[in-house]
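Peer 1: Chains A and B, in that order, give the protein sequences. Read in order, the letters of the first sequence correspond to residues 856 to 1244 in this note's numbering. Read in order, the letters of the second sequence correspond to residues 856 to 1244 in this note's numbering.
Just so you know, nobody snuck in bad clues.
Which copy? The list can't say, so a pair holds if one copy fits it or any two copies do.
List time: in silico DSS-like cross-link candidates among lysine-lysine, alpha-carbon distance up to 27 Å:
1. Lys872 to Lys976
2. Lys1104 to Lys962
3. Lys872 to Lys1104
4. Lys1104 to Lys957
5. Lys914 to Lys976
Treat the hints as calculated values from the structure; they're not laboratory data.
2 protein chains.
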Amino acid sequence: MTSPLDRNPTLTLPEFKLESGITLHSVDVVYKTWGALNAERNNVMVICHPFTGSADVHKWWSPLMGCGKAFDTTRFFIFCANVLGSPFGTTSPLSIDPSTGKAYGPKFPATTIRDDVRLHKMVLDHLGVTSVAVAIGGSMGGMTVLEWQLCFPGFVHRAIPIATCAKQSAWCISWGEVKRQIIWADPAFMGGHYPADRPPTYALAIARMAGLLSYRSPESYEERFGRRIQDQSASHAQHAIQLSNEEDKEYPYYETQSYLRAKGASFVGTFDANCYLHIIRKMDTHDIVRDRMPLSLPGPNSPTPDAEADAALAALLATLPPRPLVISISSDILCPPREQALLAQNIPEADLVVIDSVAGHDGFLVEHERINEAVVQYLEREFPELYSN
Amino acid sequence: MTSPLDRNPTLTLPEFKLESGITLHSVDVVYKTWGALNAERNNVMVICHPFTGSADVHKWWSPLMGCGKAFDTTRFFIFCANVLGSPFGTTSPLSIDPSTGKAYGPKFPATTIRDDVRLHKMVLDHLGVTSVAVAIGGSMGGMTVLEWQLCFPGFVHRAIPIATCAKQSAWCISWGEVKRQIIWADPAFMGGHYPADRPPTYALAIARMAGLLSYRSPESYEERFGRRIQDQSASHAQHAIQLSNEEDKEYPYYETQSYLRAKGASFVGTFDANCYLHIIRKMDTHDIVRDRMPLSLPGPNSPTPDAEADAALAALLATLPPRPLVISISSDILCPPREQALLAQNIPEADLVVIDSVAGHDGFLVEHERINEAVVQYLEREFPELYSN
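Use the sequences and the hints to build the structure in full.
Peer 2: Structure (structure tokens):
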């Protein structure tokens, strides 16, 4: 999904053992860095990308990059690496399985956010990084931030988890399940064994349309589109794939339909269906308590009282480094503000900033001015030595 | 979808002209009544059913029925009729088009909630009803309640709209669009021309699964399922249709997945895909201002300021009969409480009851004890003459 022209640095490891016990061979990690490691090696910022993001931070969080902004390359050595299973370069279902000489496709083994963190740590080691000043990320990126601090205690000093959660909720698992069913249902999916030139574009577009409901909020749809009607003929023609139907002609075509179809259609050229399903499964495994506290992973008919599980989570959060900056978007329906409030209540001396916005979950990308302001203020306070000049 | 054994009364009209100008011939209206019209003819209660409901109120709102409850057949003559396009008896895509001798299928013309109200009014005329004491309904039923008062001014004295809205929001139109795309994508759908014995079951199940996200709330999924894992082999076997995949076996199977699959699979035997799409389109037309105020239905690039549209809506609501009982569910993400607050702010002397519940939109069905209590209290106050014995 990247052309050779804009290829990022890649570290190739002969092998990498996943949390599941499965060993991947010849593992690529695509990453990107900005700025330079200072003499004290105390200016490392790790950016963790969300679901459909990549190491190319400028493609999805560019308003935060630049001199005087949150991602200030004159002060920080900034690092972002692509996660396992993502189509943007790191080993994924699109990669060749050395044992077969063919792409892994649906046979690509399950990975976890902890696998990503351990893999990316190897790249940091390779780059001579000995500690990280701050890790920042939204949504899945925020999950990764939390795992950085838990997988390598003491290595990441400060954390900025945004619009994220300590564990993937039943609600998020449910959204993933609906997207999975939509993709499985497409005959072009072929159980994941689709040819590279005939991917299940239609299903991927519809899954993306479903996702766009969860990424915004009722209010944002109302503000942007209301009940406005769009000229049908003009807008249908634009789509790369056919999302209209003969029946459409007899009904008003609302602007919000047009928006969803355009977004769904444009997504299919940028993402792979097996990668999409893989990352949903990865996020489903997210539970910082898993295998760390005695009460994790309740099994069938588990008698574990919820209160005990809550206490275990609170106890684990209390072990994290103090003074994170936790950011919420007030209208986030995917990772609602109470999930970040839980982080802030239990991590020592946490700052919680709730950004009042109708943007929903995507507010972590959209409300860049307010996020930038909160992050810069926080970094200046926590790292005065990096802001002294 | 009903067997001859439990057939409800049906009124057949030789023809019925829809709001669109199209005339349907030989139109059936399936309805049901409970109790008896009193001598004063002032004890009529109209119940308006939601999307997947029917005239058989006892099948979906039974906890509200009975002596001393909201639907007290010793006090009220209660009426509920099935809407156009629903699979439960009233003329729909499943009905025979007299002009072709075949089922309408996807050719069934668009209908509106106003069509339903006008059609059901004919049944009330036929039953000798000259006025309605109170109309009650949730979700689409609440939309219908509002249209009753607007289509026949003075005919319906009191209204109890629950978890509903004055106009279908962009958000709800968007959910409908995603469900429509899911169904269109199923090759078994065949543009709606599927054989009666080979309906697009898989797509309908997935659309239902998507719907179940919108009908509940993040909190309700968390409370019910959390991250609990279910025994896979046991639960997969139950489903009437295949919603699992070989890939599943390698991943934890969360209880919430099992819930969604079971609900999706069980829905397909009870509803028809063309009817499902028809009613989504019907709800999309819902806008009480449409064709009633000069500012309705903004067209492409309409310059109409939102403030003016809001003012038109407020002005129209102010013409409704006073003292409705408006009920919200606090966690409703489909028709959020602010949409009912808008009704209550603008209809004269409205009572607004917000039921604090994690049940989400489905709270109008689930929170029956608190709804029953609010409704009984309201009815006793508004209709003392019916509660004097």
